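So the chains spell out like this:
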Amino acid sequence: MLSEVEGQPSIIKVTHWFGAAMLVGLALSGLQIDVAYPHLGPRGQTYWWWPQHGWIAPENLRIGGWLGGARAWHFALMWPLCVCGLVYFVYLSRSGRWRRLVFISRDDVVDAVSTLKTYVSFKTPPHAPHGYNGLQKAAYSTALFMIIVEVLSGLAMWKPVQLWWIAMLFGGYEGARAVHLILLLLLTSFVVAHVLMVSIHPKSLLAMTVALNKSRPISTKNTQPITEQNHAE
Amino acid sequence: MRNNDRQGGDRLHRRTLLMGLGSVALGSSACDRKHPHDGVFGITERLNQSVQRGLFSPGRVAREEPVEAVSPKGAFPSYFHADELPIAPEGWVLRIGGMVKRPLELTLDDLMKLTRTDMRVRHYCVEGWSAVASWHGVKLRDLAQLVGADENAKCVEFRSFDDGYYSSWDRESADHPQTLVAYAMNGERLTAEHGAPARLYGSVKLGYKGVKYLLEILYTPEPSGGFWENLGYEWYAGVLPSLRC
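Protein chains in written order, with this note's numbering: chain A, 1493 to 1725; chain B, 2 to 246.
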């Protein structure tokens, strides 16, 4: 099976797994930081719409031991994640690979809906001719967007006075803090769905790990041989 | 739901402290309490400080908050370290010394005769909450001028009568126009809960750097840590970045 799978380029593999590790560390230390004030909204004016005031994550989902330790973790991991993200996005734009990934056209929407219907009726959709189907594009684009906003809202909280112009995007420090936590929950649900999908399509795990990258994926044309391979299965 | 009473806040801090001590017992190097600023986290703390240096501009001030943003009465938390509410000793004076030409002792009346600055800014706690109050007091840099603080004093230490609680700041942040020795809050004299008779208040630092129950201000050549800093919080702790000592 392995030889039939077209692997992802090494740079994608490395940034995927490195970024994932950083995100896990940031999430776990973030949950520990949240324990110190498990509310959203300023003191005395907490947000009425937030249903989870007082909720704290179970202890085995937290790292750092206490607030000071968790902050040390969080502020240590944030820069490697940013570097990893920069490498990834530069590669994505330079290689033209973003075209396979970005959820943008009407076709993508139509394809996403039909793919979703297939999954809901407990069937496996056919392999997409150009790499990713509409549903994948929607999911990956949303996840990447959420990670970017997560980083921005984090920066706004880190230096709310100096980086006020970022904080303003979120309605100030408290807004940024709310976005930061809510996106963590949404990203977690993405990860759950992602892992579920990988378990349905185990070849994608090979592509992201041991399978070699044979083509030079500069444009969508280059994915043609892969499709033929898939038809031959 | 809101944890806004004094006892509640105090309990919270005690619990975080206990958790911290718990992780010492586990011997985890990530939370090495004896050397919390060494190792990988020491490197990243220094990296973060150099990023902050890049962002620094001494003239930039925190935005004034609108009146409506002021936290409701009683909602502004008031932490202190001692077991009981610290009360100023009889005959309290604020001592200013260290690397200065004219060491000084100021009574509360002396302080209140000096030029007053008022500001209404957002307070950021390391725990993640924010709150807003108006603060009234004397710019620390005016006091520095008054005592003739040495230019080579790159840091300032603040001591209190709150069971040894203290902190130290970089000089740039101490000289920032929004760093006050405050004696009033929201138009009224400071209460004992909020650090009477005088406290340090700055828009440029996280809450734990704002030493309440001030006793002594010392101009020093080097950073000298602080209560929470020695336990592992960042020494720098800037809301607005400035230079590291």
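Note that these hints are calculated values from the structure, not bench results.
Some hints could be false.
Stated by the list, open to error - Across the chosen pairs, the derived CB separations fall in these ranges:
hint, chain 1, residue 1, chain 2, residue 2, range
1, B, L105, A, F1682, 55 to 63 Å
2, A, E1551, B, N153, 46 to 54 Å
3, B, L115, A, W1541, 39 to 47 Å
4, A, P1550, B, G92, 48 to 56 Å
5, A, P1694, B, E223, 55 to 63 Å
6, A, W1590, B, T116, 51 to 59 Å
Only a predicted model underlies this, so the values are computations on that prediction, with no experimental measurement involved.
For each residue, glycine too, the CB sits at the ideal point set by N, CA and C.
Right, here's what the structure says about each hint:
1. L105/B - F1682/A: 55 to 63 Å: holds, 60 Å
2. E1551/A - N153/B: 46 to 54 Å: Hint holds: Cβ distance 48 Å, inside 46 to 54 Å.
3. L115/B - W1541/A: 39 to 47 Å: holds, 45 Å
4. P1550/A - G92/B: 48 to 56 Å: 52 Å Cβ-Cβ, so the 48 to 56 Å window holds.
5. P1694/A - E223/B: 55 to 63 Å: Roughly 58 Å apart at Cβ, these two residues keep to the hinted range, so it holds.
6. W1590/A - T116/B: 51 to 59 Å: Given about 58 Å between the Cβ atoms, the range holds.
Every hint from the earlier list agrees with this structure, and none is contradicted.
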